[in-house]
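If you're matching them up, the sequences are chains C and D in order.
So the number in the working numbering is just where the residue sits in the first sequence, counting from 1, plus 598.
So the number in the working numbering is just where the residue sits in the second sequence, counting from 1, plus 596.
Some hints could be false.
As the list claims (entries may be wrong) - Below, in silico cross-link-like pairs of lysine to any residue (SDA-like), each with a Cα-Cα straight-line distance of 25 Å or less: (1) C/K647 with D/P643; (2) D/K808 with D/P643; (3) C/K647 with D/R898; (4) C/K663 with C/L653; (5) D/K700 with C/S652; (6) D/K700 with C/L659; (7) C/K663 with C/V614; (8) C/K647 with D/L740; (9) C/K672 with D/M897; (10) D/K700 with C/L656; (11) D/K639 with D/L923; (12) C/K672 with D/L869; (13) C/K663 with D/E833; (14) C/K672 with C/L609; (15) D/K628 with D/P643; (16) D/K904 with C/L656; (17) C/K672 with D/R879; (18) D/K639 with C/V674; (19) C/K663 with D/R865; (20) C/K647 with C/P629; (21) C/K672 with D/E901.
No lab work stands behind these hints, which were simulated from the structure alone.
Source: prediction; values computed, not measured.
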Amino acid sequence: MRQLIGIAAILIMVWVMIFLGAWIIGAFVVPLDLHIDGWWGRAATSSVKVILGSLLALLWLWIWKTVAQTYFWKAVERGAT
Amino acid sequence: MQIPPFIICIASFAASLGICYTLTPKVMAWAKRRGITGKDVHKPDHPTIPEMGGIATLIGLTFSICLASLLDQPNTIEYLSFILTVHLAGLVGAVDDFRPISPKLKPVLTALAAAPIYLLNTYTPRPVLPVIGRVRLTIAYPLLLPFAISIPANAVNMADVMNGTMAGTSILTLVAIILASLLLGRWDAVILCCGLIGSLVAFYAYNRNPAKVFAGDVGTLSVGAAIGAIAILGRVEVVAIVAMMPQIMNAFYGLSSVGRLYDRTKTSRPISLRGDGTLVANRDKQAPITLTRMILARGPMREAEVFKSFMTLSAISCSLAVLTAILIWRI
Numbered sequence: 599m600r601q602l603i604g605i606a607a608i609l610i611m612v613w614v615m616i617f618l619g620a621w622i623i624g625a626f627v628v629p630l631d632l633h634i635d636g637w638w639g640r641a642a643t644s645s646v647k648v649i650l651g652s653l654l655a656l657l658w659l660w661i662w663k664t665v666a667q668t669y670f671w672k673a674v675e676r677g678a679t
Numbered sequence: 597m598q599i600p601p602f603i604i605c606i607a608s609f610a611a612s613l614g615i616c617y618t619l620t621p622k623v624m625a626w627a628k629r630r631g632i633t634g635k636d637v638h639k640p641d642h643p644t645i646p647e648m649g650g651i652a653t654l655i656g657l658t659f660s661i662c663l664a665s666l667l668d669q670p671n672t673i674e675y676l677s678f679i680l681t682v683h684l685a686g687l688v689g690a691v692d693d694f695r696p697i698s699p700k701l702k703p704v705l706t707a708l709a710a711a712p713i714y715l716l717n718t719y720t721p722r723p724v725l726p727v728i729g730r731v732r733l734t735i736a737y738p739l740l741l742p743f744a745i746s747i748p749a750n751a752v753n754m755a756d757v758m759n760g761t762m763a764g765t766s767i768l769t770l771v772a773i774i775l776a777s778l779l780l781g782r783w784d785a786v787i788l789c790c791g792l793i794g795s796l797v798a799f800y801a802y803n804r805n806p807a808k809v810f811a812g813d814v815g816t817l818s819v820g821a822a823i824g825a826i827a828i829l830g831r832v833e834v835v836a837i838v839a840m841m842p843q844i845m846n847a848f849y850g851l852s853s854v855g856r857l858y859d860r861t862k863t864s865r866p867i868s869l870r871g872d873g874t875l876v877a878n879r880d881k882q883a884p885i886t887l888t889r890m891i892l893a894r895g896p897m898r899e900a901e902v903f904k905s906f907m908t909l910s911a912i913s914c915s916l917a918v919l920t921a922i923l924i925w926r927i
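Work the whole structure out from these sequences, hints included.
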């Protein structure tokens, strides 16, 4: 079970980040308005929202990958000693 | 006369359990006769095991869904789209079992299995997200549908690494989806889950350590696609994602560490078997960092211990999935 504590912590971190990401999107991305009139303005606002949402998702994946890989190589080092 | 949903659930579960349990030995005998076998590489003597046992789970599930469709006629179109999606994914898996498909083409082909859900229009593009609540995704949701089938299908396929892990973790995932669906009042999802659980429980009896049969890609891809389809049809998308985190983690770690879609037979193996029968994480920097390799990072373990670790992580993520459903329910 000792081996699982680190992995379970990553699992819980990823879950908390889903909620954090949803809160950021709900609080900052969804209400975003570029204040540009006409269809062009609506299209630009929607595009910015999609880009920001995608960037957040990529940031989430990058943090997840970095934490998991760091944990793995540290655990391998600890296992070797 | 309207039949109570819990009766349909019990009938669906019993039908798939009985059919799959009876059919699996026959599928095993057929696979042996045809030479459709694989080596159990995590056992010291590398025994030869019949593959494609997933055909029995697929047949059991099909019969149970047909029965559910007869008993719950208002939802017949929904059941039809579900079973067609599962069969399309199973077909991709069957082709892959006979003649391996390239690792880049397989996700694309499994994504096409979402076609019946599109064509029969059985999806609702208004998912409920945590914190935000119900959102309207009229354009984005249909675009995401192929991923909602392909990702779970391939994640379940990649999680079939030890005896019993695919069936065991999928059963826990489905139990979490059932609890969440009951809380959110989605009986259609509960009925579909019961049909699939029946098949998986029966299959697990033959696939647990030491395995007498392997599911093959026909089984893993169809089970994963079924979980994805249940998430869409039952509108429990976020709950399903959280419940499937160990399988998704396993696939994501492997892909992100190698940097591309890879063929398991052409990359350095993530783990190896020692002379004493224990499994150990490979130290090769080029090998994919899978969940099994992470579990073994601190030291060697027996296959049964790795299985228990998978199940423990799955139980944690399923608890988080139920907690997610409670948080969604309170919005």
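Quiz item: Is the hinted pair C/K672 and D/M897 satisfied, with a Cα-Cα distance of at most 25 Å?
Solution: Given pair C/K672, D/M897 holds - Cα atoms ~18 Å apart, limit 25 Å.
Quiz item: Quick one, are D/K700 and C/L656 close enough, alpha carbons at most 25 Å?
Solution: Status holds; Cα separation ~21 Å.
Quiz item: Has the given pair, D/K700 with C/L659, been kept, meaning a C-alpha gap of at most 25 Å?
Solution: holds (21 Å)
Quiz item: Are D/K639 and D/L923 close enough, with their CA atoms no more than 25 Å apart?
Solution: Violated. D/K639 to D/L923 sits at ~43 Å, over the 25 Å cutoff.
Quiz item: Is C/K672 within 25 Å of D/E901, Cα to Cα?
Solution: holds (21 Å)
Quiz item: Are the Cα atoms of D/K808 and D/P643 separated by 25 Å or less?
Solution: Given that 25 Å is the threshold and the Cα spacing comes to 10 Å, the pair holds.
Quiz item: Taken at face value, is the distance from the CA of D/R898 to the CA of C/K647 at most 25 Å?
Solution: violated (48 Å)
Self-check item: Given pair status - C/S652, D/K700, alpha carbons within 25 Å
Solution: holds (23 Å)
Quiz item: Are the Cα atoms of C/K647 and D/L740 separated by 25 Å or less?
Solution: holds (17 Å)
Self-check item: Satisfaction of hint between C/L656 and D/K904, Cα-Cα up to 25 Å
Solution: violated (32 Å)
Quiz item: Quick one, are C/K663 and C/V614 close enough, alpha carbons at most 25 Å?
Solution: Since the Cα atoms of C/K663 and C/V614 sit roughly 15 Å apart, the hinted pair holds (cutoff 25 Å).
Quiz item: Hey, D/K628 versus D/P643, does the alpha-carbon distance stay inside 25 Å?
Solution: holds (13 Å)
In this structure, the earlier hints numbered 1, 3, 11, 16 are contradicted, and the remaining ones agree with it.
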